[in-house]
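Got chain A sorted already, so can you dock chain B onto it with the hints?
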Amino acid sequence: MVVDARGSWCPGPLMELVRVIQEEAVGTEFELLSSDEGSRKDIPLWIDKAGHQLLQITNEPGFDRFIIRKSHA
Amino acid sequence: MKRVIVLGGGIGGTTVANRIRKGLEAEVAAGQVQIQVVDREGIHAYQPGYLMVVFDKMRPEETKRDESGLLHRSIQLVRAEIEKIDPAANKVVLKGGKELPYDVLVIATGSVIHPEAVPGFTEGAHSFYDLANAQKLRTAIQQFTGGKILIAVAGMPYKCPVAPLEVTFMLDDYLRTRGLRDKTEIHYAYPIPKVFGIDTVAQPMQRLMAERGISIHVPFNVERIDPVGKTVKGVEGETIPFDLLIAIPPHRGSDVVGASGLGDKGNWIPTDRFALKVEGKENIYVLGDATNIPISKAGSTADYEAEVVAHNVVAAARGESPSARYDGRVYCWIMTGMSQATYIKFDYLHPPHPPTPSFAHYWNKVIYNRTYWDITARALY
Chain A
680 MVVDARGSWC PGPLMELVRV IQEEAVGTEF ELLSSDEGSR KDIPLWIDKA GHQLLQITNE
740 PGFDRFIIRK SHA
Chain B
4 MKRVIVLGGG IGGTTVANRI RKGLEAEVAA GQVQIQVVDR EGIHAYQPGY LMVVFDKMRP
64 EETKRDESGL LHRSIQLVRA EIEKIDPAAN KVVLKGGKEL PYDVLVIATG SVIHPEAVPG
124 FTEGAHSFYD LANAQKLRTA IQQFTGGKIL IAVAGMPYKC PVAPLEVTFM LDDYLRTRGL
184 RDKTEIHYAY PIPKVFGIDT VAQPMQRLMA ERGISIHVPF NVERIDPVGK TVKGVEGETI
244 PFDLLIAIPP HRGSDVVGAS GLGDKGNWIP TDRFALKVEG KENIYVLGDA TNIPISKAGS
304 TADYEAEVVA HNVVAAARGE SPSARYDGRV YCWIMTGMSQ ATYIKFDYLH PPHPPTPSFA
364 HYWNKVIYNR TYWDITARAL Y
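Chains as they are written, first to last, in the working numbering: chain A, 680 to 752; chain B, 4 to 384.
Treat the hints with care, since some could be wrong.
[To be verified] List of simulated lysine-lysine pairs, DSS-like, C-alpha gap at most 25 Å:
no.	chain 1	residue 1	chain 2	residue 2
1	B	K87	B	K368
2	B	K60	B	K284
3	B	K162	B	K87
4	B	K139	B	K67
5	A	K720	B	K348
6	A	K728	B	K236
In short, the hints are calculated from the structure, not lab data.
Here chain A stands alone, though its shape is the one from the complex (with noise of 0.2 Å):
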């Protein structure tokens, strides 16, 4: 599922993250498109309190990819 949150400076792409994980079934994959440079901080950090799992982080031209898999309800 891609979720596209470029241009998301309020409320920003890991709120969108946070809700669309919310929604999903566990297992479901998502790539989440920022522009937000703290993304690449924030995500991680996020993730790994939330206990889903970071599969990949890929540099983009004006933007950063995130592959992430819901790990649990």
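Just chain B now, with coordinates in the frame of chain A:
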């Protein structure tokens, strides 16, 4: 005759209808174009005013007006509940069976709060996302004599993402004025590891909280509220006690969206973020809270989007290319006290950089609130 139907009489629906009418003034006057706004009650609510009601900065009656007085007299207001949209047949079906055919449809059905989705919310939490609860919270704050106040977000998405910050800072200031601040702990809980979604806003807001002695609990996602024991349990395992809880309820898109098969799991409508068309539908636009665009669900968003949608509806009606694009523009004030504010202004490409809070920014917000009905809603600019 071409028929334009706007669903919803809030900020987005009202401004877009008035803008389309202005752009097609001659065509509407000649009977070549008909504009209808469908709204269940026909009462326009100025929702940004609810927080002001909590702190006696607006009176309850200042937050609503009859929609008929805001729409241009040539726009027809249909006070009716919508059953569903039938995109294949280009018609809107009303409760009771009446059908309204359209050539162009604009969906501005907004968002709906669902406090019942969080166990204990209705019994245990105060909120300010509707007028009745804003008034109850006002009373609770007036009667408050000290203790623990917790501000928490109980679900996402929610409209006006800065509102939890605002109520926190206003409360702090209000309690200092009443001489109750030293008898009160203020706790701010937010779902991510900082007090707001991006650093340029979170860092100055976190500094303000530190200066004002506000305790921060992050990340904290509300799981359930115990209205008897007066605690909130978070998904992350933390439990926070409170004497007064102010919580932001979860929001969903309108049921009409779901009944029409146009929404995602939260009834938000997949939307082209630039053209503001419903994905896959050439003659259906959507704006305001109803979209799934990952930016603020806020009045200014709806107003800026209305400019783009109206421009394109007018262009298409004249056989021109509907080439206007929404650039993600949003402008929101953030109250940082009872009489000071800052603001965030951004678009898809440029993040916000809130200026130092000041009385001048607060005063701009007051002026906007007071001129909303006669300038913004009527699309006079």
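Restraint check for K139 (chain B) with K67 (chain B), where alpha carbons must lie at most 25 Å apart: holds, 17 Å
Below or equal to 25 Å on CA atoms is what counts here, so check K87 (chain B) against K368 (chain B). It is violated: about 37 Å lies between the C-alpha atoms, which goes past 25 Å.
Holds or violated: K720 (chain A) and K348 (chain B), Cα atoms, limit 25 Å. This hinted pair holds, its Cα atoms lying about 24 Å apart.
When you check the alpha-carbon spacing of K162 (chain B) and K87 (chain B), does it fall within 25 Å? OK: K162 (chain B) and K87 (chain B) at ~24 Å, within 25 Å.
Pair hint outcome, K60 (chain B) versus K284 (chain B) [Cα-Cα no greater than 25 Å]: Outside the cut-off at roughly 43 Å; violated.
Given the hint that K728 (chain A) pairs with K236 (chain B), does the C-alpha gap stay at or below 25 Å? The given pair, whose Cα atoms are some 16 Å apart, holds under the 25 Å limit.
Of the numbered hints listed earlier, those contradicted by the structure are 1, 2.
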